[in-house]
Amino acid sequence: MYKKLPFLSMLLLLLPSLLFALTADEIIGEMDRLSTFETTYLTGSIQTTDRFGTKTSRFNSWSQGKKDSLIEFTSAAERGQKILRTEGSLYLFYPDAEQLIRMQGAALRQSMLGSDISYEDMTEEKTTLDNYEAKLEGEESFKNRDCYVLLLTAKSRSVAYPIQKIWVDKQTFLVWKAEYSTKQGRLLKEMEVLETFNVEDRVLPKQSKIEDKMKKNSFTLMTIDSFEANPQLDKRIFTLENLTW
Amino acid sequence: MMTKLPNIAFRNIFRNFRRSLLSAVAIAVAAMSIVILFGLLAGMDADMANNLQSYYTGTIRIQHADFEKYERYNPIHLGVDWQSIKTIVNDNNQVRAATTRINFPANMYLGEKSHGAMGFGVDFSSEKDFIDFPSILQAGRLPQQGKNEILIGFALAREMSLGLGDKVTLLTTTATRASNAFTLEIVGIVGFPVAALNANSIWAPIDRIQKFLGMEEQVQQILLLLKDKADEKQIVNQLKNEIESKLGTVTDIRSWRELNKLYGMLKIAKTIYYFIAMFFLILGSTVIINTTMMIIFERMREIGTLSALGMHGSELTKLFLLEGFFISLIGSAVGVIIGYIANYYMGKIGLNFTEAMSGIDIEISSILYPQTSILTTVGVWLYAVVISTLSTFIPSRHAAKIQPVEALRYV
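Protein sequences, first through last, are from chains A and B. All the letters of the first sequence, read from the start, carry residue numbers 1366 to 1610 under the numbering used here. All the letters of the second sequence, read from the start, carry residue numbers 32 to 442 under the numbering used here.
Bear in mind the hints are in silico, worked out from the structure with no lab data behind them. Misleading hints may appear alongside valid ones.
[What the hints assert, rightly or not] Not close to chain B: a few residues of chain A, all C-beta gaps over 10 Å, as computed:
hint : residue
1    : Leu1399
2    : Asp1415
3    : Glu1463
4    : Glu1498
5    : Asp1511
6    : Ile1528
7    : Glu1544
[What the hints assert, rightly or not] Here are the in silico distance ranges between beta carbons for each label pair:
hint : chain 1 : residue 1 : chain 2 : residue 2 : range
8    : B       : Val281    : A       : Glu1395   : 30 to 38 Å
9    : B       : Lys258    : A       : Ser1454   : 55 to 63 Å
10   : A       : Asn1607   : B       : Val281    : 46 to 54 Å
C-beta atoms are modelled at their ideal positions from N, C-alpha and C, and glycine is treated no differently.
Just chain A, same shape as in the assembly:
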């Protein structure tokens, strides 16, 4: 009996954590839930630094649920350009063009405004588990925050990144860091949250640094200047008809 005591004590100690430990799918589910609002409206900027210098583009963005989002650029060089993601498709509107451009497949991975962010990154749907198999790799401290380390493997070839490794905050479920790779493990892109802000008890990234590893000496800072959760939005915002207005 005494011989079994250490084992039983260990079991008793670990029992709560074993009972309440989250699975990888639960972590991802919570992560998506906390980063999704019924509707949002935000303003922000994309600052890209590369071999030619630094340039800043400003934008307004609206989103609805997990799948609909609209971005409109307001800075002089791109004024009036819009990106609409709805029903799984991505459309670009340019004031000088008479037709909408529908981006699909590999084109979604193209750089947006010459930054390190792709169209896919910018308008990503919050349906991670539909597209990826998640595996909990362990736990790590990142920026003094306890994080889950998860490995996401794409279920199909239709996604931009076949492999994602993400560091998810154990408390806030914020993704602090992400590494995006090819199936063969070649690092394509890296994202790191530099600053955060709170909205309705949720922690969201205020400023993120994105580095496209395919480009040399290049990085992009995406900053959210203002954020409004659940504003009243006209549902026509996310229609193609509205885009060409």
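For this one, chain A is given, so just place chain B on it according to the hints.
Chain B in isolation, oriented as in the chain A frame:
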């Protein structure tokens, strides 16, 4: 005896006429092939030089000093200010014509379809000295300045099922390193001699492209044509120094020869072809060597008799050498004349490689026109005569070494 030798040698050709004819034909075929090959090479050389200067780089190209370094990143923002350089260019009395261009890779959208294309923003009025657009226009008209109109290569139009009046949207990078898309109407379909331009090029007024790409008054390239016999290197240096001293701008100014590596390779290839021509002639000469050797063995008794009668070895060598020389002379002459006529004819009708060259990105026209040159033809004729005659020297020498006693034993 010396004066009689050529007569004897010439007469000997007809002693076995069919064999002499075979030797002459071999030399003729080799000489003809070389004349045709050189004619084709000269045609390719002239065609490439013309295409490179008309469609790609001008005789001299001026662009931003860093453009080529970052070319793979499509640095539209690295332009040059034509308005300030214009005065310097116009003041140079060796410059015959100047034009400006903006080249931009674009994705062309037509409904759900898309296709990669190479866009060119050009000034159609100053292009007339470079690209004669009216002469290559297959349908429609030229775009007008200030209007959203384009010309399209006929192969690209065919692939995308596009015609006059259709509108296409182009998505490309801008001078602010962002992107822009704009819609242009097809008003003309063009057929370039260069296959690659037909397959992927679109041509729009430069003022519209400057606006859509946010380039203001900047252009990407300034192309110049020089007057005949102008020293390209000297003009390059002059312009470089003047632009640098007067405007304080460092630009990349180079002549078309410096810019086009492939043309340099064509020059190297020509040198290699001279050697190939030599081997070709040696190969043709093997027939004459063989014929001479056979003649020597056949006429062994005759050689013995001539030696016994006092003919020197050197005279015997000369006799056979002269026989080979006459065959070479006639064979080469016939060969180069046929080659010249063939080149002249092909130069008129052209050799159509359109099917073979479709999809090949090379600055050589799909229809090649071989060139005729009296100088080259005479050169090849002399070259053929010398090599073939020298070839007969090897067996001819053998005749000199034959002992009369041994020779007379041959029946």
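Status of the hints after comparison with the structure:
| no. | hint | result |
| --- | --- | --- |
| 1 | Leu1399 | holds (32 Å) |
| 2 | Asp1415 | violated (8 Å) |
| 3 | Glu1463 | violated (4 Å) |
| 4 | Glu1498 | holds (32 Å) |
| 5 | Asp1511 | holds (40 Å) |
| 6 | Ile1528 | holds (27 Å) |
| 7 | Glu1544 | holds (25 Å) |
| 8 | B/Val281 x A/Glu1395: 30 to 38 Å | violated (57 Å) |
| 9 | B/Lys258 x A/Ser1454: 55 to 63 Å | holds (57 Å) |
| 10 | A/Asn1607 x B/Val281: 46 to 54 Å | holds (49 Å) |
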